[in-house]
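Novice: Could you build all of it, start to finish, from the sequences and the hints given here?
Chain by chain, the residues:
2 protein chains.
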Amino acid sequence: MKIAIIGIGTVGTGVLELLNQEKNNIENRIGESIEVSWICDLKDTLKIESNLKFTKNYKEILNDNSVETIIELIGGNTTAFEIAKETLKSGKNLITANKHLLATKGIEIFEIAKKHNVKIFFEAAVAGGTPALSSIYEGTFSGGIKTITGILNGTSNYILNKMEEGSDYDSALKLAQEAGYAELDPTFDVKGIDTAHKISLLSYLVWGKLIDFKKINIKGIDKITKKDIEFAKNSGKRFKLIGEAKKINNQIIINVEPRLIEKNDQLYNVNDVYNGIKSYGIHLGETFFYGKGAGALPTATAIIGDLYKIKNSNAWY
Amino acid sequence: MKIAIIGIGTVGTGVLELLNQEKNNIENRIGESIEVSWICDLKDTLKIESNLKFTKNYKEILNDNSVETIIELIGGNTTAFEIAKETLKSGKNLITANKHLLATKGIEIFEIAKKHNVKIFFEAAVAGGTPALSSIYEGTFSGGIKTITGILNGTSNYILNKMEEGSDYDSALKLAQEAGYAELDPTFDVKGIDTAHKISLLSYLVWGKLIDFKKINIKGIDKITKKDIEFAKNSGKRFKLIGEAKKINNQIIINVEPRLIEKNDQLYNVNDVYNGIKSYGIHLGETFFYGKGAGALPTATAIIGDLYKIKNSNAWY
Chain L
1 MKIAIIGIGT VGTGVLELLN QEKNNIENRI GESIEVSWIC DLKDTLKIES
51 NLKFTKNYKE ILNDNSVETI IELIGGNTTA FEIAKETLKS GKNLITANKH
101 LLATKGIEIF EIAKKHNVKI FFEAAVAGGT PALSSIYEGT FSGGIKTITG
151 ILNGTSNYIL NKMEEGSDYD SALKLAQEAG YAELDPTFDV KGIDTAHKIS
201 LLSYLVWGKL IDFKKINIKG IDKITKKDIE FAKNSGKRFK LIGEAKKINN
251 QIIINVEPRL IEKNDQLYNV NDVYNGIKSY GIHLGETFFY GKGAGALPTA
301 TAIIGDLYKI KNSNAWY
Chain W
1 MKIAIIGIGT VGTGVLELLN QEKNNIENRI GESIEVSWIC DLKDTLKIES
51 NLKFTKNYKE ILNDNSVETI IELIGGNTTA FEIAKETLKS GKNLITANKH
101 LLATKGIEIF EIAKKHNVKI FFEAAVAGGT PALSSIYEGT FSGGIKTITG
151 ILNGTSNYIL NKMEEGSDYD SALKLAQEAG YAELDPTFDV KGIDTAHKIS
201 LLSYLVWGKL IDFKKINIKG IDKITKKDIE FAKNSGKRFK LIGEAKKINN
251 QIIINVEPRL IEKNDQLYNV NDVYNGIKSY GIHLGETFFY GKGAGALPTA
301 TAIIGDLYKI KNSNAWY
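So the sequence lines, in the order shown, correspond to chains L and W. Heads up: the first sequence begins at 1 in UniProt numbering, then just goes up one per residue. Heads up: the second sequence begins at 1 in UniProt numbering, then just goes up one per residue.
Since the hints were derived computationally from the structure, they do not count as laboratory data. Check before you lean on any hint, since a few could be wrong.
[Stated by the list, open to error] Selected chain W positions facing chain L (in silico; Cβ < 7 Å): (1) Ala-132; (2) Ser-134; (3) Gly-139; (4) His-283; (5) Leu-284; (6) Tyr-290; (7) Gly-291; (8) Pro-298; (9) Asn-312.
Just so you know, even glycine gets a beta-carbon here, dropped at the ideal spot from N, CA and C.
Specialist: As structure tokens, this is what we get:
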């Protein structure tokens, strides 16, 4: 399969590294060879990857009929939205880690994919290195799932951890930025928007319906004080930023907010950039998935899993 | 899709119940209607399911060309082995919860399936209601997995729990039998054989190779004393029956044994009939899956997930 990667940042570099290091494992499992035909980025520095065709203009890739699948890793829902639509319309499959794009424009994007008979997979968009989405989609639909709950944003989880160690909110945020976890503009992470994107996609996988993003109630961690953290500690609990989707009388309701989590809850011990996803079904009972929520190679592992699915599974819509 | 169920015990009854209760969800996700054409069991009482065709002779089902998939739930590796082989040779797909069969006869069975171009799925064979196998197979193969470790046998886990509460081994086993967890002959559970079957299948999913079952080192919980349990408690640890597969220099080594598990280990809090599966990969890092290891409806949920895969995914061999 000939593929192209658009957006060569941390994760894109990770994908190239794994395709190289794990070539045999990857090709054995997928059942054919994988060739990166193009890489696309705005940074010139990438031209050094001399054996890969480089372009700054993604339209060049769309015109290459030999490319079967495009991996979009630029983020956001403006240019990425154009890329997604044009990718699908040109008859190519799309793999994306872009929760922002899918949670806000997913309905339109899935429609286009269906119409053009191509696939989209997005295992890396939620809980990066926690291989959960395949099992949730393929394995829980008859389990009578009523609730799905997760710690889905590593940055805010890291900040809450640092506050438990004594930092106030502002210095904890600074520590997260210095460690490379938080963006210069941390709005999406600390205000719960990133968590809302992700829980919305989990809800889609469970119940097959993408909720209007504006209907999600979102509260972030940016109002949490040292006093709140102290209070939680004294009562044997921890504050965690929780995304939760519930099905009540055929209605799906999604909330994002900081919650006090008790010691015996699986989510209590999810620390730093780890993510945890818990679900409850009237038939299936409780399940829990745990793994790294970010990082170049864990996320790249998820993207390469999507290459398997492009070749070996029907689409998820 | 027309299906047949051979073996109508706890789990078989659960499958029939879910197919009835969750009909819409199931058919929407799978993409077609599911019809149970036959049920097969040795018990006459089943004739009461008047709208389902009943037989005591599975060969009748093999001769029905309209049946596309057979769900085998009788267990063991004698009659079940015959049923599996004949199912595949007759061009029908096979879904099974039978770890004993696959861990000991899998190589031959997978060969026959390949030759006859039919599929086998077995999500319910390992950790029943923990939807883990799809994600492990599809999502971790490029993660550089080095170790996979699990609590995979609910019965022995329950017995160890009861011993922690003060019972000695014999009375804990009795309690497990009274609660319906342990069989009259509990050998496979308490001697670690069932765990060995399951870890062997997990190892197959991760590395694509089924180990000669005789090469697995197996130690059960039947030699654990009250004193051992006391010692563990006093050092802040717990005894758990652990199955572990490791890849060392391209060699896969599998061990089953009771181990002292520390408090900060994800497996420490896996209680009663719950199962936990932990993996570590040099690229992917740590992942953890948790859910019910048994029970009619959790296990039935896994089997119905396999019906999705029959229709929507390529085979796992």
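Novice: Could you run down the list of hints and mark each one as holding or not?
Specialist: These are the hints, each one checked on the structure:
Taking 7 Å as the C-beta contact cut-off toward chain L, the hint placing Ala-132(W) at the interface holds, the least distance being around 6 Å. Proximity of Ser-134(W) to chain L holds as hinted, the smallest CB-CB distance being about 5 Å (cut-off 7 Å). Here the hint on Gly-139(W) is kept, as its CB sits about 3 Å from the closest CB of chain L, short of 7 Å. For His-283(W), the suggested interface contact is upheld, since its CB lies about 4 Å from the closest CB of chain L, less than 7 Å.
About 5 Å separates the beta-carbon of Leu-284(W) from the nearest beta-carbon of chain L, less than 7 Å, and the hint is met. The criterion of a C-beta within 7 Å of any C-beta in chain L is met by Tyr-290(W), whose closest approach is roughly 4 Å, and the hint holds. A cut of 7 Å between beta carbons decides the hint on Gly-291(W): the least distance to chain L is about 4 Å, and the hint holds. With its C-beta approaching chain L no nearer than about 5 Å, Pro-298(W) sits inside the 7 Å limit, and its interface hint holds.
Given the 7 Å rule on beta carbons, the hint for Asn-312(W) holds: about 4 Å separates it from the nearest Cβ of chain L.
In this structure, none of the earlier numbered hints is contradicted; all agree with it.
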